[in-house]
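J.: Each chain, written out:
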Amino acid sequence: MKNTISERVADFLKNYPPFNALDSKQLEQLSLQVTIIHKESNSVVFTEKEEPHAYFYVVNKGAIALTKKDSSQILDICDEGDVFGLRPLLAQESYKLEAKAYEETILYAVPIKDFKPLALENKRVGNFLIESFASNTRNPYSIKHRGKLYGVTANTNDNNPSTKILDLQPVRYSTDLVTCTAGTKIKTVATTMAKHNVSSILVMNGDLPLGIITDKDLRQKVATGLFPITGSAKSIMSSPVITYPKELTVAQAQMAMMKSNISHLVLTEDGTTDAKAVGILSKHDVMLALGNNPAVLLRAIKRATDSKRLRSIRHGIMTLLQGYLEQNIPIGLVSKIISELNDASTKRIIEITLDSMEKKPPVDFTWLTMGSQGRGEQLLNTDQDNAILFEDVPEENLEETRAYFLQLGSQISKELNTVGFEYCPAEMMASNPSWCHSLSEWKHVTSHWINNPGPEEILLSSIFFDYNVTYGSKALADELSHSIFDHANHYPQFLTHLASGAMQNPSPSGFFRDFLVEQDGEHKDFFDLKLRALMPIIDAARVLILSHSIKSINNTAERYEKLAELEPNNRELFLACSYASKALLKFRTRQGLLHNDSGRFIALDQLNKEEKIKLKRTFKTIKEIQSLIEVRFQVKNLLR
Amino acid sequence: MWFFSKKKQLEFPDFWWAYEEHFKHPLPELIKDNTFIVLDTETTGFNLTKDRMLCIGALKLKDNNIVVKDSFEVYIEQEHYDVGSAEIHGILKKSKRNRTSELEALKQFLVYIENHVLVGHHVMFDVNMINAALKRNGLPKLKNENLDTESLYKRTLLISTVVQKKDRYTLDDLAKKFSISRKDRHTALGDAFITAIAFLRTIEKLKSKKLKDLIRKQGPLRFGL
Numbered sequence: 001m002k003n004t005i006s007e008r009v010a011d012f013l014k015n016y017p018p019f020n021a022l023d024s025k026q027l028e029q030l031s032l033q034v035t036i037i038h039k040e041s042n043s044v045v046f047t048e049k050e051e052p053h054a055y056f057y058v059v060n061k062g063a064i065a066l067t068k069k070d071s072s073q074i075l076d077i078c079d080e081g082d083v084f085g086l087r088p089l090l091a092q093e094s095y096k097l098e099a100k101a102y103e104e105t106i107l108y109a110v111p112i113k114d115f116k117p118l119a120l121e122n123k124r125v126g127n128f129l130i131e132s133f134a135s136n137t138r139n140p141y142s143i144k145h146r147g148k149l150y151g152v153t154a155n156t157n158d159n160n161p162s163t164k165i166l167d168l169q170p171v172r173y174s175t176d177l178v179t180c181t182a183g184t185k186i187k188t189v190a191t192t193m194a195k196h197n198v199s200s201i202l203v204m205n206g207d208l209p210l211g212i213i214t215d216k217d218l219r220q221k222v223a224t225g226l227f228p229i230t231g232s233a234k235s236i237m238s239s240p241v242i243t244y245p246k247e248l249t250v251a252q253a254q255m256a257m258m259k260s261n262i263s264h265l266v267l268t269e270d271g272t273t274d275a276k277a278v279g280i281l282s283k284h285d286v287m288l289a290l291g292n293n294p295a296v297l298l299r300a301i302k303r304a305t306d307s308k309r310l311r312s313i314r315h316g317i318m319t320l321l322q323g324y325l326e327q328n329i330p331i332g333l334v335s336k337i338i339s340e341l342n343d344a345s346t347k348r349i350i351e352i353t354l355d356s357m358e359k360k361p362p363v364d365f366t367w368l369t370m371g372s373q374g375r376g377e378q379l380l381n382t383d384q385d386n387a388i389l390f391e392d393v394p395e396e397n398l399e400e401t402r403a404y405f406l407q408l409g410s411q412i413s414k415e416l417n418t419v420g421f422e423y424c425p426a427e428m429m430a431s432n433p434s435w436c437h438s439l440s441e442w443k444h445v446t447s448h449w450i451n452n453p454g455p456e457e458i459l460l461s462s463i464f465f466d467y468n469v470t471y472g473s474k475a476l477a478d479e480l481s482h483s484i485f486d487h488a489n490h491y492p493q494f495l496t497h498l499a500s501g502a503m504q505n506p507s508p509s510g511f512f513r514d515f516l517v518e519q520d521g522e523h524k525d526f527f528d529l530k531l532r533a534l535m536p537i538i539d540a541a542r543v544l545i546l547s548h549s550i551k552s553i554n555n556t557a558e559r560y561e562k563l564a565e566l567e568p569n570n571r572e573l574f575l576a577c578s579y580a581s582k583a584l585l586k587f588r589t590r591q592g593l594l595h596n597d598s599g600r601f602i603a604l605d606q607l608n609k610e611e612k613i614k615l616k617r618t619f620k621t622i623k624e625i626q627s628l629i630e631v632r633f634q635v636k637n638l639l640r
Numbered sequence: 001m002w003f004f005s006k007k008k009q010l011e012f013p014d015f016w017w018a019y020e021e022h023f024k025h026p027l028p029e030l031i032k033d034n035t036f037i038v039l040d041t042e043t044t045g046f047n048l049t050k051d052r053m054l055c056i057g058a059l060k061l062k063d064n065n066i067v068v069k070d071s072f073e074v075y076i077e078q079e080h081y082d083v084g085s086a087e088i089h090g091i092l093k094k095s096k097r098n099r100t101s102e103l104e105a106l107k108q109f110l111v112y113i114e115n116h117v118l119v120g121h122h123v124m125f126d127v128n129m130i131n132a133a134l135k136r137n138g139l140p141k142l143k144n145e146n147l148d149t150e151s152l153y154k155r156t157l158l159i160s161t162v163v164q165k166k167d168r169y170t171l172d173d174l175a176k177k178f179s180i181s182r183k184d185r186h187t188a189l190g191d192a193f194i195t196a197i198a199f200l201r202t203i204e205k206l207k208s209k210k211l212k213d214l215i216r217k218q219g220p221l222r223f224g225l
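Residue numbers (my numbering), protein chains in the order written: chain A, 1 to 640; chain B, 1 to 225.
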């Protein structure tokens, strides 16, 4: 009775526990009973205290956030292959957590009545269930414990259960052991460590851990000349190694490291040195488990080897962002850190993709990010806007070179999408032939925009001219910037057009200082924060800073600060704008985190009085900066 | 199932009348109350008169759910007979075995789809192919509403005269965009599944609530004030 879809379901499930323990016949039967469910982001799968469904769920694509109702704190994120909502079914109790789609998600709903007999019959499945309920293996990036298989947290009466329980969670350690033998040459040891990008290597005797060599040993014993580089691993290793059983909690690991003043623990099957080594745990792993800290995340990004890993790191970045906003850390600083992390992720993706390409790039190229990411204002996951700029090549090689970069661009853009950057709906991405050009082509395109500033060209310029180099040759981008300023200076009309573009955005408030909300469409009665408040202030900053021929500053708040310096007579207004742009960005980020979307549209009835006043205060600044632009660039003449 | 309609007209079989009977009920107004039949056919080629369907795959989509068990997959036996002559006469009398298999497939298909909206990638091709088969078997055309995922997908893209869009988006393009595994590409039900996921993701982007709006959105964009 199997059909193509049930085969597809089985093919997916067989990779994940507990389904990997089923034989193919059982899995085939079970797959046939599955219902495939598509969940829009933020839609609820089940909520707290709800009666158990007839199904439990496996995430096929996307992610599900488990939360306590009415709390924005995410207790756990279930990713591809994770099972959730099973424990309440087996325990026959109602759900203790709310499960919500964190992004667009496809779930497989497995009926409990078909699964239960298999679980009872098959010992491996049963054991897996018992183990996972007992240990609650957790995700090191979520603030609390993870329940691969459970839908319940062990809820104590503690006000802050997450921090306490955290320490008692098992640590996640690396199971990919990098090893050598006692006779390995020190030089080979160092090369191996460098290749795997690790700070320690295990010296093995068969399966048994004999000793360990860390960066510190190389530094103190080899680099100082105490031991020759031609020596063997044995001469510099620390031995015996300090071993622990693999069921170690975070707290235990920390204490063990402090006690022996070491930075690496070796985990063995039974905790003695006479058992098989199963993993190694570094201080870094403990730090990761303990939570989010930009330096740790940055390192994790640099070490990531695929986009899936980067995706889970991004969840950590979001948690970090939320924490920052709760602690009221200045948004200028926050956006610096977050965009640094976003940039690092993008860069890492590019490196990974370049490695996977069959050929090396034929010439130098630059990966430009535009729009909000280019301005360093992309706090939430928004669209990817990017472009490729490559060195000029002889005419006859041009198409071949472009084909290479287009392929690279599509691959990178696909990986970025996996990480969580949505595709740009207008296809302003390096995978689009119109956004993948050689230097002279880009010069030509931009000069065309400048010389023929129609509404489309102005729109494109305003997106493109905020470009920032994320990867590759900076010299190429600088040369393009020079060319742009050259043209802009020869054609001052362009700035007037750009300024008029900045005036096009609808006004944020009406005659009686009410908010103007959207009149129709899917966002009827919502306030469009991006279009009515953020865009005018961003556009104004761009035209003003370009009129001063400054390309190096992209961030809107920083642009206003620079302007305040350049034009002391308008200092106050510019500083107000800088403040307003930060306030609006913070506003948008808060709203976005609250609703897990881009934060663009705001339901006014959900704002409190104070928030409304704050928002309105920025409108006054927006009106002032708009009138300054109108006068300075004589936009009236253009508008007639 | 099909014996409650007794007004025998013409030479149509009972299952056809049962199928028509479903159209007495209007479709639900909201998308979430509708069942969509996502389908794909595998054919010997693209010619409506010469080529034949080899397989029909379809699944039901209701309120974002696909019940795996409740999918439709039928392989049709086709003999390579002389199409020209079969079309003009004889098909109703000759090669009885061959007719039954195609007819049986159509019968099962009609029972399966009822009056639900048909969804497909370039859906008109599949519908025309099925209509051609119906005609060969002396039956009228399908009466269902159709939705084309390519047209709907295009509506999710921004309109700009400067950034050129492609004219055509293949099912592969959509699968790539929505990162859907293309594992069972070119089996009818596998393609129907990919189409179903692409359809779901597209309607989420379009944010329509009503079926009417969705049907309207397939058409070219109308600029208005």
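Just to be clear, a hint being listed does not mean it is correct.
To be verified - Ranges between beta-carbon positions, derived for each pair: (1) B:Lys141 x A:Leu354: 51 to 59 angstroms; (2) A:Gln504 x B:Glu21: 32 to 40 angstroms; (3) A:Pro433 x B:Phe12: 47 to 55 angstroms; (4) A:Thr249 x B:Lys210: 40 to 48 angstroms; (5) A:Ala403 x B:Asp14: 41 to 49 angstroms.
Bear in mind the hints are in silico, worked out from the structure with no lab data behind them.
For every residue, glycine included, the Cβ atom is placed at its ideal position computed from N, Cα and C.
J.: If a hint holds in the structure, say so; if it does not, say that too.
T.: Okay, the hints, checked on the actual structure:
Between B:Lys141 and A:Leu354 the beta carbon distance is about 54 angstroms. The supplied range of 51 to 59 angstroms therefore holds. As the Cβ distance of A:Gln504 to B:Glu21 is approximately 56 angstroms, the hint placing it in 32 to 40 angstroms is violated. Restraint check, A:Pro433 to B:Phe12: a C-beta distance of roughly 53 angstroms satisfies the suggested window 47 to 55 angstroms. Distance hint check: the CB atoms of A:Thr249 and B:Lys210 are about 54 angstroms apart, inconsistent with the given range 40 to 48 angstroms.
Take A:Ala403 and B:Asp14: their Cβ atoms lie about 59 angstroms apart, and the range 41 to 49 angstroms is violated.
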